[in-house]
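> Each chain, letter by letter, is given below.
Number of protein chains: 2
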Amino acid sequence: MSGPFCPLPVADEGVIERGHGGGGALTARLVEDVFLPAFGAAPSAPLHDGATLVVAGGRLAFTTDSFVVTPLEFPGGDIGALAVIGTVNDLAMCGARPLSLSAGFILEEGFAIAQLRRIAASMGRAAAAVGVDIVTGDTKVVERGKGDGVYITTAGIGLIPAEVAIGPAAVRPGDVVLVSGDLGRHGIAIMAAREGLGFEPPVESDLASLAPMVAELIEAGIAPHCLRDLTRGGLASALVEIATAAEVELRIEASAVPVSDAVRGASELLGLDPWYVANEGRLVAFVAAADAAPALDILRRHRDGAGAAMIGRVSAAAGRGRVLAETIGGLRVLDLMSGEQLPRIC
Amino acid sequence: MSGPFCPLPVADEGVIERGHGGGGALTARLVEDVFLPAFGAAPSAPLHDGATLVVAGGRLAFTTDSFVVTPLEFPGGDIGALAVIGTVNDLAMCGARPLSLSAGFILEEGFAIAQLRRIAASMGRAAAAVGVDIVTGDTKVVERGKGDGVYITTAGIGLIPAEVAIGPAAVRPGDVVLVSGDLGRHGIAIMAAREGLGFEPPVESDLASLAPMVAELIEAGIAPHCLRDLTRGGLASALVEIATAAEVELRIEASAVPVSDAVRGASELLGLDPWYVANEGRLVAFVAAADAAPALDILRRHRDGAGAAMIGRVSAAAGRGRVLAETIGGLRVLDLMSGEQLPRIC
Numbered sequence: 192m193s194g195p196f197c198p199l200p201v202a203d204e205g206v207i208e209r210g211h212g213g214g215g216a217l218t219a220r221l222v223e224d225v226f227l228p229a230f231g232a233a234p235s236a237p238l239h240d241g242a243t244l245v246v247a248g249g250r251l252a253f254t255t256d257s258f259v260v261t262p263l264e265f266p267g268g269d270i271g272a273l274a275v276i277g278t279v280n281d282l283a284m285c286g287a288r289p290l291s292l293s294a295g296f297i298l299e300e301g302f303a304i305a306q307l308r309r310i311a312a313s314m315g316r317a318a319a320a321v322g323v324d325i326v327t328g329d330t331k332v333v334e335r336g337k338g339d340g341v342y343i344t345t346a347g348i349g350l351i352p353a354e355v356a357i358g359p360a361a362v363r364p365g366d367v368v369l370v371s372g373d374l375g376r377h378g379i380a381i382m383a384a385r386e387g388l389g390f391e392p393p394v395e396s397d398l399a400s401l402a403p404m405v406a407e408l409i410e411a412g413i414a415p416h417c418l419r420d421l422t423r424g425g426l427a428s429a430l431v432e433i434a435t436a437a438e439v440e441l442r443i444e445a446s447a448v449p450v451s452d453a454v455r456g457a458s459e460l461l462g463l464d465p466w467y468v469a470n471e472g473r474l475v476a477f478v479a480a481a482d483a484a485p486a487l488d489i490l491r492r493h494r495d496g497a498g499a500a501m502i503g504r505v506s507a508a509a510g511r512g513r514v515l516a517e518t519i520g521g522l523r524v525l526d527l528m529s530g531e532q533l534p535r536i537c
Numbered sequence: 192m193s194g195p196f197c198p199l200p201v202a203d204e205g206v207i208e209r210g211h212g213g214g215g216a217l218t219a220r221l222v223e224d225v226f227l228p229a230f231g232a233a234p235s236a237p238l239h240d241g242a243t244l245v246v247a248g249g250r251l252a253f254t255t256d257s258f259v260v261t262p263l264e265f266p267g268g269d270i271g272a273l274a275v276i277g278t279v280n281d282l283a284m285c286g287a288r289p290l291s292l293s294a295g296f297i298l299e300e301g302f303a304i305a306q307l308r309r310i311a312a313s314m315g316r317a318a319a320a321v322g323v324d325i326v327t328g329d330t331k332v333v334e335r336g337k338g339d340g341v342y343i344t345t346a347g348i349g350l351i352p353a354e355v356a357i358g359p360a361a362v363r364p365g366d367v368v369l370v371s372g373d374l375g376r377h378g379i380a381i382m383a384a385r386e387g388l389g390f391e392p393p394v395e396s397d398l399a400s401l402a403p404m405v406a407e408l409i410e411a412g413i414a415p416h417c418l419r420d421l422t423r424g425g426l427a428s429a430l431v432e433i434a435t436a437a438e439v440e441l442r443i444e445a446s447a448v449p450v451s452d453a454v455r456g457a458s459e460l461l462g463l464d465p466w467y468v469a470n471e472g473r474l475v476a477f478v479a480a481a482d483a484a485p486a487l488d489i490l491r492r493h494r495d496g497a498g499a500a501m502i503g504r505v506s507a508a509a510g511r512g513r514v515l516a517e518t519i520g521g522l523r524v525l526d527l528m529s530g531e532q533l534p535r536i537c
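Which chain is which? The protein sequence lines are A and B, in order.
For the first sequence, our numbering begins at 192 and goes up steadily by one.
For the second sequence, our numbering begins at 192 and goes up steadily by one.
It is worth saying that the hints were derived from the structure and are not from the lab.
There's no promise every hint is true.
If several chains are the same, the list does not tell them apart, and a pair holds so long as it fits within one copy or across any two.
When the alpha-carbon atoms are kept at most 16 Å apart in a straight line, the in silico EDC-like pairs for lysine to aspartate or glutamate are as follows [to be verified]:
1. K337 with E223
2. K337 with E300
3. K337 with E395
4. K337 with D526
5. K337 with E391
6. K337 with E299
Keep in mind the model is a prediction, meaning the values are calculated, not measured.
Starting from the given sequences, assemble the full structure and let the hints guide the process.
Printed below as a string of structure tokens:
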């Protein structure tokens, strides 16, 4: 029916809203409606926030993230460390050993070179701590008022061990759901810094590389069935996405989900739900029930996994994917955020 | 002598100027003074605009570019096609077969989704034409006035054939210098679109993938000693950088450098030197003198190489690298641009 005389009503499609960048339902719609049809179905297996490539006899993970966090420097980190660790964590979530990063800088005219130097130094330190090299990059400058100091886009390559197959497809009824620590600190730290809220004690970002704990799990023979770092959209969005993709029902015990008193108090003050607040050093892992105890032991051995906890399980119920949280008040069905709870959090 | 009581005078370092994004001497200083010391010396062999990685028994090329061109759509292309082809060309300049791309989008609140769809479609078409997949991506949104519609950062991975070793180190006295076509069209097309100059006939960007002609050269056994796409800074900057890195003297015959009458006229009007104007579908190749004729034959067989020409040679003179252009008026020594001739050209 369509032809040159029946143009699509593209002018009616609207404009970009802040929620399109929130990592929730609006972002998903943009990707599904605009980008995927335009780029065609990728022949390689698509992963959340990454792709797997078979190259030269090995399997590579390949991922990218753009970082527009504001403020550029915040308690517990800065855009530079975030740009390195965020991409390293995406590789780790594919089960990959991070190898190399690229970094593209979009600088605003008038940005202080002293601050750029601090941010670059932070990137270097973060990369060295993880054992990854920043091997290539690019720099562009836009006029005053067309940027916001600096935006950084990193891409990363990692090597996936032969035996690893991580993803929603590997999730099975009976699997247990683990998180690597208390939730919501990154988002609250950013909001507090942005709004000038002086929480006492101050909330620091949880920004941390998840690669070492994932590597140790894999080395110990505990191949997680699915891994996800709990960034934009937080724990709740990650669980809903995985349940939907895996077509399983998750039962989460609300009282087992670790949230610090400081984050809980700040979230109430800001009208936020900590389960939806972004983290930058927290993961959820789906493992076989028999692996739960040794996996928790490994996570807790790492400084950034000391607060690891088992929070739920994959139920035996059939049917379409959904996430049920068991609370004192009864069962709550979790949804994706429709827009963006916290803009420019990463 | 330095210590905690002797802080560096970082506050005196100044601010980002437009020229820091121009690809000339200011950009080079930023990379050398700020980024490289912060990131540490990369253990892999650094290449211009790309890095080589040895992974799983093969050699990979890895590169990234951020694109901030304005206007977003211009005669002969748009930011989407540019983001795909620009990164593919960087891979081709490493002698690599492009495999996969990532794409990070920084969208400004209020940007028309219809235009984003056009740009995404253009990316898809460009990728399909080159035979490369866009396999992973990310989307962020910034507030109105903190962006300019859309910025795109692509990264790319390519596979380098075992026999290929391309770079300034392979340049030898006696090598000839080839270009793949007439110069300066991309920069002039952008400037004309931006300034509303209606050249007749209109100048279209030379935007084109250089990967097919490079692949054919390599398949024919003509391994170029050095390749460079002539983007920001144009022919002159590329030649100066290669001469400096290779520590050789280049003699360029000015009358042999192809520039169309339209570009020459527009350049005079705009006060630009076409040798410094950006291209997005032109390369310079250094090949052994014996390979000059077959290499030119191969380049000219491609639509985007029809205007290929031999423009000079590597002289036998010793000493530090420099580029001499032989003109009617005598010898001219070429320099890097100190700032940015044309802002936001790519």
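> Tell me, please, which holds for K337 and D526 at an alpha-carbon limit of 16 Å: within, between, both or neither?
Intra 35 Å, inter 30 Å, cutoff 16 Å: neither.
> For the identical chains here, do K337 and E391 meet the 16 Å Cα criterion within one copy, between copies, both, or neither?
neither (36 Å within a copy, 32 Å between copies)
> Checking an output row: K337 and E395, CA cutoff 16 Å. Within, between, both or neither?
Intra 30 Å, inter 26 Å, cutoff 16 Å: neither.
> What label fits K337 with E299 when the C-alpha limit is 16 Å: within, between, both, or neither?
both (7 Å within a copy, 10 Å between copies)
> Indicate which option fits the pair K337, E300 if close means a Cα-Cα distance not exceeding 16 Å: within, between, both or neither.
both (9 Å within a copy, 12 Å between copies)
> For K337 vs E223, is the C-alpha pair at or below 16 Å within one copy, between two copies, both, or neither?
neither (28 Å within a copy, 25 Å between copies)
Of the numbered hints given earlier, the model fails hints 1, 3, 4, 5; all others are met.
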